[in-house]
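If you're matching them up, the sequences are chains A and B in order. Positions in the first sequence are counted from 1; adding 249 to them yields the numbering used here. Positions in the second sequence are counted from 1; adding 1 to them yields the numbering used here.
It is worth saying that the hints were derived from the structure and are not from the lab. One or more hints might be untrue.
To be verified - Calculated pairs, DSS-like style, for lysine-lysine (alpha carbon to alpha carbon, straight line, at most 30 Å): (1) A:K446 <-> B:K85; (2) A:K576 <-> A:K606; (3) B:K456 <-> A:K539; (4) A:K598 <-> B:K85; (5) B:K85 <-> A:K498.
Said to hold, decoys possible - Now the in silico label distances, taken between C-beta atoms and shown as ranges: (6) B:S330 <-> A:E492: 17 to 27 Å; (7) A:D435 <-> B:T150: 27 to 37 Å; (8) B:Y635 <-> A:L554: 47 to 57 Å; (9) B:H487 <-> A:F468: 54 to 64 Å; (10) A:I465 <-> B:V47: 51 to 61 Å.
Please read all numbers here as calculations on a predicted model, not as lab measurements. Idealized CB from N, CA, C, for every residue including glycine.
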Amino acid sequence: MRPSIYHKSIIALAMAAVSCMSYAQDAAPAAAAQAATPAGSGQSYFAYVLIIFATLLLFAVAALGQMLIRLTEYVYRNKGTMAKSVVLIMMMAATAHTALAQEAAAAAPGATPAAAASAPSIFGIDVTAAIAIILLEALVIAVMLIRIWSLLNTINPKAAKPAIHFELPKFLDRFNASVAIEHEQDVMLDHDYDGIKELDNNLPPWWKYGFIFTIIWSFGYIGYYHIAEAAPLSAGEYANEMEAAKKAKDEYMRTAKNNVDENTIKFDQAYVAEGAKIFADNCKACHGEKGEGGVGPNLTDQYWLHGGKINDVFKTVKYGWPANGMKSWQTDLSSVQIAQVVCYVKSLKGTNPPNPKAPQGTVYSEGDSTQTAAAPAAPVDSTTKSN
Amino acid sequence: MTVETFKYDNRWVRNFAFASFLWGFVGMLVGLIVALQLVFPQLNVVEWTTFGRLRPLHTNAVIFAFVGNGIFMGVYYSLQRLLKTRMWSDVLSAIHFWGWQLIIVAAAITLPLGITAGKEYAELEWPIDIAIALIWVVFGINMFATILTRRERHLYVAIWFYIATWITVAMLHIVNSFELPISAFKSYSLYAGVQDALVQWWYGHNAVAFFLTTPYLGLMYYFLPKAANRPVYSYRLSIIHFWALIFLYIWAGPHHLLYTALPDWAQSLGTVFSVMLIAPSWGGMINGLLTLRGAWDKVREDPVLKFMVVAVTAYGMATFEGPMLSIKSVNAISHYTDWTIAHVHIGALGWNGFLTFGILYWLLPRLYNTKLFSIRLANVHFWLGTLGILFYAIPMYWGGINQSLMWKQFTPEGILKYPNFLETVNAIRPFYVVRALGGLLYLLGTTVGIYNLFKTAAQGKFVAEEEASAPALEKNYTPHGSEGWHRVIERRPVQMLIFSFIVVAIGGIIEFVPTFLIESNVPSIASVKPYTPLELHGRDIYVREGCYNCHSQMIRPFRSETERYGEYSKAGEFVYDHPFQFGSKRTGPDLQREGGKYPDSWHYNHMLDPTIMSPGSIMPAYPHIIDHDLDTTYTAAKIKAMQMLGVPYPKGYETIAGTDLVKQEATIQASLAKDGIKVPKNKEIIALIAYLQRLGRDIKMNPQTAAVQN
């Protein structure tokens, strides 16, 4: 006796409900984790990882659900009572629910320490929590698999696998212009290679026309770019991109506040704190944690290689002295950021940190307007921008 | 008509099978190690196990050892049965088997030692290249002689694929491996720069096509209908997709070089031929999947078919994705990122890995005249493998796309939002963790599989010689009724071979000849000068350490790249680069304009321990470069070799090269000493610094030249 459509749909609905529940549970820790990420620390990649695995889990649950439908069908057919299959669904739902509840419970503490920001965190992603969630999800799948397995065994420990007929839907034959499987003898060729026979089915029309379409498209592509030259190639694209960017930047700078350059820079105590952060991120590798010098010169003494006037220091940071190993920072830092870090550097004078590097360059004393850098560094590195 | 009896030789089939899964295990294990090295750089313990040396070992082991032995296993089994004859020569079979294993062992020794030609998937040095060519010829002779002494009139589609594979791989390997030896372990590619890149990716792409794809399609055409016991869906489709596939595939190589200094016309050819490849590739998938019509019941129960279905599906996904990645606007995002890594692993883990194991589960019980030891374990393997693929690929897709978007983001002020490359690396490290987990799952599955296969072998009795009988072919053949044109070629293997060769040679010739002969394709730049002897040594160290595995030297013409790295790369800059070092993945930043960016002492400290200069860096430390003496034995030989390759050193320069080397060394020693670093002379680090400081300076210092020339 085959189960009716009606029975099938009840089972399917029940399964869908179970799946939905699990998905909702899954999404909850993800949301919690996202909320736990401190605001303003960039995108939460953690959430992406979770979404990936939530999706994976959904697939797993769907597969398990599929299995359950088959199982139920099997029980129903062999034992003949609807009651049994209902019981089975209830059991299954309970199993799933318990497992998921466990997961949710365990996930919550996993997310809480993340909020405390004590766990190793890279760019707003809490690695430990991510791994914990992943492991938990794997665990849930494992638990469900084991439950199903034991269920299978309790139903009929020694029975062979249920033989359920399964075939691809018929519309695929129409779609592929295949000869129906019942008539395949009509297109059977007389080939026989070690028992392998060959049919002479049509090329699937969608395949054939798709192929022809890509060929036409290809001629069109070559014609468009290389014969009609209707659109720019890589160098032209680049020129357009740079032009658009320059326009956008000019537009922005025209309206932007706090704009500053090497001519307008003034020491501003309010910039020092922000400048210290920029220094720690970008400069300390060469100039030392406290500006005492290392690969690069000491910034705390009164000696300067390229001028100690604030305008000159700004220039040095902005355009760099590539020949001496100081790179240009104008593509890395905004003009305000350069101003901030320059103010910080100017604030370092006389701080006398430990292990200072020996003085390099000439003495510069504040207010000495005659001492400016010999030549502006600007033209040297601007070359990288020209084309 | 006399019926002859004969014996199939299963010995070498069995040997190749064991070699395949045992090397497969090694290759995957190395893969797991390199995946973990990206998360825990401390795992780069000694110089021989740094990422740059192990990653080529991983790729070579998986491609040539795991899949290579898998191909031979399948060919040796199916060929005999499809032709109703024994392999032509047992001796050649033995030479083929042992020769191939020796090559693998040689690779496993030389690659960690840093003996490398520095071209991806063609890293092995010239003596091994020659050995590969010879063994490949042995395989070819054995296969062709078997075909010529067959008892089956027509060749089945699987054999068409074997023939095309053989001739094309021979052509690819030989053309790409032309190199000039300077010692037993070192050679320089005959080609330079953009031309070398074009040849290399013609090879690299078609290694995928004709080593990982066409032979496996041949195996699919034999083992899938056998396992499903169903007729092949469409003979017509086989013919069309076979010829279309081998003709179109060969052209698509330049899609690995989109937006590089390769001439635009060649890039466009790469794009359109990749797009045209969708249908021929899918022809194979359709023919595989639709062969299973009427056998889906079995698919649900038989692990062999399960593996095969996932394999063929993965093949379909990868061959759809490939053309999409060849569209320039998509490639602008995907290139240099982990997206590509995800893409190839769908192919390697899904298509090659699963098809190999599907075949093994079918084949081994037959070789041992027994049943599979455990269907349940095979299913466990299947699920571990499938989950492994998902856990591998999905995070890599996410990570790759995320990182690429971070590279490209600008602030409204027009500066890069993430100017520090390291920030974008650290952002995707969690994805690397999950990827390693995926790899681990897959490896666990493989381990379960190997156990299962060993147990199967143990419980059965090996049938080395399998009796068979078939009527001999009659000398005179008159086809009954009219024969299609293709049916005629199917009984003429030599014509099949020649046609295949013509079809696969066309694409390469049309792309190579103009790039090599027409000067406008690689415009020369007057300011680009040959490397000094010290820089040349430094470059060889760069190649030896496999820096190209993580660092590109090819800045694409995008604002996000020129702002980050400097002026975009010009074809004329690479004319003295034997071999080219464009790279294909940016785990670290591009280095083409590294020269002059940092002081010498920065590089010294960075090589000693990258985290000194770049806290949080995942690059391995290279203290051994600081310790090792520079081997200057071959300085003169290197200069002479370069001269032979057309690099314009003055006549007789090799005699004074050593003096120049010492002079340049002294300037770098002095600059290091200024920052308090004392380096004795003749150390490798000085040569490497010299090379890194030279990178990209020829036109950086002289922008007008570049502007005029382009």
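> Is it true that the CA of A:K598 sits at most 30 Å from the CA of B:K85?
Replying inline: Roughly 90 Å separates the two Cα atoms, so the pair is violated.
### Query
That 17 to 27 Å hint for B:S330 and A:E492 (C-beta), does it hold up?
19 Å, holds
- Hint check for A:F468 and B:H487 - Cβ pair distance inside 54 to 64 Å: Between B:H487 and A:F468, where Cβ atoms are some 26 Å apart, the hint is violated.
Using the Cβ atoms, figure out if A:D435 sits within 27 to 37 Å of B:T150.
36 Å, holds
Exercise for review: Take the C-beta atom of A:I465 and the C-beta atom of B:V47, compute their distance, and say whether it sits inside 51 to 61 Å.
Suggested key: This hint holds: roughly 56 Å between Cβ atoms.
- Sort out whether A:K606 lies within 30 Å of A:K576, counting only the CA atoms. Given that 30 Å is the threshold and the Cα spacing comes to 20 Å, the pair holds.
Next pair to validate is B:K85 with A:K498; report whether the Cα-Cα distance is within 30 Å. 74 Å, violated
Regarding B:Y635 and A:L554, is the given constraint of 47 to 57 Å on their beta-carbon distance met? 41 Å, violated
Review point. Straight-line Cα separation of B:K456 and A:K539 no greater than 30 Å?
Key: Violated, because 65 Å separates the two Cα atoms, which is more than 30 Å.
Pair hint A:K446 and B:K85, alpha-carbon separation not exceeding 30 Å: Measuring from Cα to Cα gives roughly 15 Å; hence the hint holds.
In summary, the numbered hints that this structure violates are 3, 4, 5, 8 and 9.
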